[in-house]
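A.B. asks: If you want the building blocks of each chain, they are given just below.
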Amino acid sequence: MKKMGRLVLGVSGVLTLWGSAWAGDAERLLMATTTSTEATGFLDALAPKVKEVLNIDLQWVATGTGKALELGKRCDADLLLVHAPDVEEAYVQQGYGINRRRLMFNDFVVVGPSEDPARVKNCSIEEAMRRIAGSGAPFVSRGDASGTHVKEKELWRAAGFGNEFAYPGYIETGQGQMATLDIAAQRRAYALTDRATFIKFGQDPSRAASLRVLVEGGEVLINRYSLITVRPEKCPKVRAAAAEKFTDWMVGPQGQAFIEAFRVGGKAVFFPDAQGPQ
Amino acid sequence: MSRLSSLAGDCGESFSVPLYLFHDVEQAYKGRTVLSIGRWAVRQGIVLGLVGPNGSGKSTLLRLMGFVEFPVRGTIAFRGDRVSRRRAQAVRSEVTLLPQDPYLLDRSVADNVAYGLSVRGVRRNRAARVQEALRWVGLDPDLFGARSVRDLSGGEARRTALAARLVLRPRVLLLDEPTAEIDAHSAQLVRRAILRARSDWGATVVVTSHDWTWLRGFCDEVHEMRDGRLIAMGHETVDPGAAGASVVISRSPSAS
Amino acid sequence: MGFLVDAFLKAIHLILRGDPATYSALATTVYVSTVSLAASLLMGIPAGFLLGYVSFPGRRMLRTLVDTLLSLPTVLIGLLVYGLLTRRGPLGRFELLFTVHAIVIGQALLALPIVTALTASAVEALDGRLRVTLLSLGAGPVRRFATSLREARYGVLAAAVTAYGRVLTEVGIAIMVGGNIKWHTRTLTTAIALETNKGDFAAGIALGAILLLLASGVNAILYGLRKRA
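Chains as they are written, first to last, in the working numbering: chain A, 291 to 568; chain B, 39 to 294; chain C, -3 to 225.
The set of hints was computed from the structure by calculation and includes no laboratory data.
Where a beta carbon is used, it is the ideal one built from N, C-alpha and C, also for glycine.
Some clues are possibly wrong.
[Claimed, not checked] The calculated lysine-lysine pairs, modelled on DSSO-like cross-linking and capped at a C-alpha distance of 30 Å, are:
#1 C:Lys223 <-> A:Lys557
#2 A:Lys535 <-> A:Lys341
#3 C:Lys6 <-> A:Lys339
#4 A:Lys524 <-> A:Lys535
#5 A:Lys527 <-> C:Lys6
#6 A:Lys341 <-> A:Lys524
#7 C:Lys178 <-> A:Lys524
#8 A:Lys443 <-> A:Lys411
#9 A:Lys357 <-> A:Lys527
#10 A:Lys357 <-> C:Lys6
#11 C:Lys178 <-> A:Lys339
#12 A:Lys557 <-> A:Lys524
#13 C:Lys178 <-> A:Lys341
#14 A:Lys363 <-> A:Lys524
#15 A:Lys339 <-> C:Lys223
#16 A:Lys357 <-> A:Lys341
#17 A:Lys557 <-> A:Lys411
#18 A:Lys524 <-> A:Lys357
#19 C:Lys178 <-> A:Lys535
#20 A:Lys357 <-> A:Lys535
#21 C:Lys178 <-> A:Lys363
#22 A:Lys557 <-> A:Lys443
[As the list claims (entries may be wrong)] If you want the ones that stay clear, here's a sample from chain C, every Cβ over 10 Å from chain B, calculated:
#23 Leu10
#24 Arg84
#25 Gly88
#26 Gly136
#27 Ala154
#28 Gly168
[Claimed, not checked] Label pairs and their computed distance ranges (CB to CB):
#29 C:Val138 <-> B:Arg267: 19 to 27 Å
#30 B:Phe108 <-> C:Arg56: 22 to 30 Å
#31 C:Ala17 <-> A:Ile512: 30 to 38 Å
#32 B:Arg188 <-> C:Ser212: 57 to 65 Å
#33 A:Gln544 <-> C:Ala17: 20 to 28 Å
#34 A:Ala448 <-> C:Leu58: 53 to 61 Å
Given these sequences and hints, build the entire structure.
C.D. replies: What follows is the structure, encoded as structure tokens:
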């Protein structure tokens, strides 16, 4: 019995030390962000650089734009990296966020099976959406209030469809971009995606042939990412100083150079977009 | 109760406070009365036998005397003082009961025998005392000490349980059917152990059995029970052959 | 079938190569499950003992309640703990959300009814003669508790093993209150969820294989202790 007691004490001692080691000495900055910035490996590459240069321990919860904004409202994150400009503007106006800075952009594309049943290849985006809905071709939506989902709904509206949009063949996955693309590939369906994630998706040889880019280009398909700091007046515990330090660096020359240099499978996936304060 | 001690015995007998004094004691389970004893005394230092058929209340009586159970009515005085539930814990360190169907802890034989000693915080000589007690009941400590209780026969288990009580040298030893499932040779050992308890440390022993022949061989008094009552007690001698007669045999404490 | 073999090979590769992300997830898993189990044992064993040993009014109702809590879905527990730890919530000022400590709290709550219910069953299964035996040998209430617990040790060990298996493999709590933050709160299970979400099934299965290896290792240790007990 005594041996048990000593074993328990020893193990708990080790665990306590181990647990406290989790604290670390760099300053913690908690970011709520979208699945595309994580899935592409962008944040994985960024974090060590930020640790080295700014001594900030960047941690992120990748959930999708809608949930990220909610986390900000609940004061459970310090900083947001999202891509739904209209929603972001409202967010700042309602007083939840400050110091909104444009960070980078890429574009959205409509992908689909190579046989292209709705014949949307090279159409304009409005025409493509009309043909897909009109022909009842299968379409896989994120359905999760993410930046991509918000854009998708905008596009349906612009093509003349209502807000409560549905037709047989239109399904909502409620999941991240990669999973949604997987489902689209399985069902030989169309989907809207950001190009960066699609490039990452195509890196896997078994998936490369399943979907193709069918509609691209145009101002309306530009996908802009911004940084928003959670407002300290609403959330006193926010690490505002660290957030500001990080934001300044990211929109400054070094951060923007990092964005430009980032590659997935040899291709650039994000493009620098910093301008003055919004 | 202490009034008793001030009475002088006028028959030439020295008077001492009885070890147990029962006063209108009744025990019932689920509304059914299983034991009813009006007035009963047990003297200190005797070996008392209780005989009677199954269901006569012997085990219940022993449990009450061991203070592991409390009567629904009446009082039991131990050494002149009434024993309440609160006091029972203290009394139980002096009174040890060996139930009819004893339970052994899931450990080795030696650990079982040593358990009561460890409860009492006895550390000195513990191993030696354990070995001694095992020998008293005829179990070779070298052979049995380290054995797990799961590997014992019924008789060996009972003897281990007995050893676990003897080792404590209790003031009162209550044994419920200690010779059930035990061969004649071992029954001899049990009897010898009982008498040793009385002679070595002056224990008072109460033993129940079906076998009054075995009991009368060494008990000072034998009381009979039937249907939850003591139907014969005391020192009367009755013709053992008479049909339907209750058999009580008495011996003076000096003879053994 | 091919991708199962692929996954298995990948698992070996991850382990042997010492892939730091994998080892980090492994370490996090070991940490949170061990600490949460310890906490649940500390609270659950005495609670289970009382529930199984002492009769008091309302005992059967309490027992039923505990048995019902066994079926609490992890996402619900995760939601509850999230509500407690969010910065606007009652325990928000401790800033525990999205840390390993949050996962520990949630998993301890998951394990607690398991430990309590199984300990209570083990104690209820104790021989009815034990109490009289301990009384007759002069043991007081504290000693009776300790000895009875020791008599029930195999049942209690089974409770610990069951609870450990449950927390080791849960994902709902870890994701909700841990946030699946790489290097910090990413466990083997949340990493599997992530890889599956990304569509990298081979990686998911590889991590799953490592998790199973961990679980069998732990069980082997616990049953080795049983031999000694």
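A.B. asks: Decide, hint by hint, whether the structure agrees.
C.D. replies: Structure-based check of each hint:
no.: 1; hint: C:Lys223 <-> A:Lys557; in the structure: 59 Å, violated
no.: 2; hint: A:Lys535 <-> A:Lys341; in the structure: 12 Å, holds
no.: 3; hint: C:Lys6 <-> A:Lys339; in the structure: 28 Å, holds
no.: 4; hint: A:Lys524 <-> A:Lys535; in the structure: 20 Å, holds
no.: 5; hint: A:Lys527 <-> C:Lys6; in the structure: 43 Å, violated
no.: 6; hint: A:Lys341 <-> A:Lys524; in the structure: 27 Å, holds
no.: 7; hint: C:Lys178 <-> A:Lys524; in the structure: 28 Å, holds
no.: 8; hint: A:Lys443 <-> A:Lys411; in the structure: 20 Å, holds
no.: 9; hint: A:Lys357 <-> A:Lys527; in the structure: 20 Å, holds
no.: 10; hint: A:Lys357 <-> C:Lys6; in the structure: 33 Å, violated
no.: 11; hint: C:Lys178 <-> A:Lys339; in the structure: 15 Å, holds
no.: 12; hint: A:Lys557 <-> A:Lys524; in the structure: 40 Å, violated
no.: 13; hint: C:Lys178 <-> A:Lys341; in the structure: 14 Å, holds
no.: 14; hint: A:Lys363 <-> A:Lys524; in the structure: 8 Å, holds
no.: 15; hint: A:Lys339 <-> C:Lys223; in the structure: 51 Å, violated
no.: 16; hint: A:Lys357 <-> A:Lys341; in the structure: 26 Å, holds
no.: 17; hint: A:Lys557 <-> A:Lys411; in the structure: 23 Å, holds
no.: 18; hint: A:Lys524 <-> A:Lys357; in the structure: 18 Å, holds
no.: 19; hint: C:Lys178 <-> A:Lys535; in the structure: 22 Å, holds
no.: 20; hint: A:Lys357 <-> A:Lys535; in the structure: 24 Å, holds
no.: 21; hint: C:Lys178 <-> A:Lys363; in the structure: 23 Å, holds
no.: 22; hint: A:Lys557 <-> A:Lys443; in the structure: 28 Å, holds
no.: 23; hint: Leu10; in the structure: 44 Å, holds
no.: 24; hint: Arg84; in the structure: 52 Å, holds
no.: 25; hint: Gly88; in the structure: 48 Å, holds
no.: 26; hint: Gly136; in the structure: 6 Å, violated
no.: 27; hint: Ala154; in the structure: 15 Å, holds
no.: 28; hint: Gly168; in the structure: 38 Å, holds
no.: 29; hint: C:Val138 <-> B:Arg267: 19 to 27 Å; in the structure: 39 Å, violated
no.: 30; hint: B:Phe108 <-> C:Arg56: 22 to 30 Å; in the structure: 25 Å, holds
no.: 31; hint: C:Ala17 <-> A:Ile512: 30 to 38 Å; in the structure: 33 Å, holds
no.: 32; hint: B:Arg188 <-> C:Ser212: 57 to 65 Å; in the structure: 28 Å, violated
no.: 33; hint: A:Gln544 <-> C:Ala17: 20 to 28 Å; in the structure: 26 Å, holds
no.: 34; hint: A:Ala448 <-> C:Leu58: 53 to 61 Å; in the structure: 60 Å, holds
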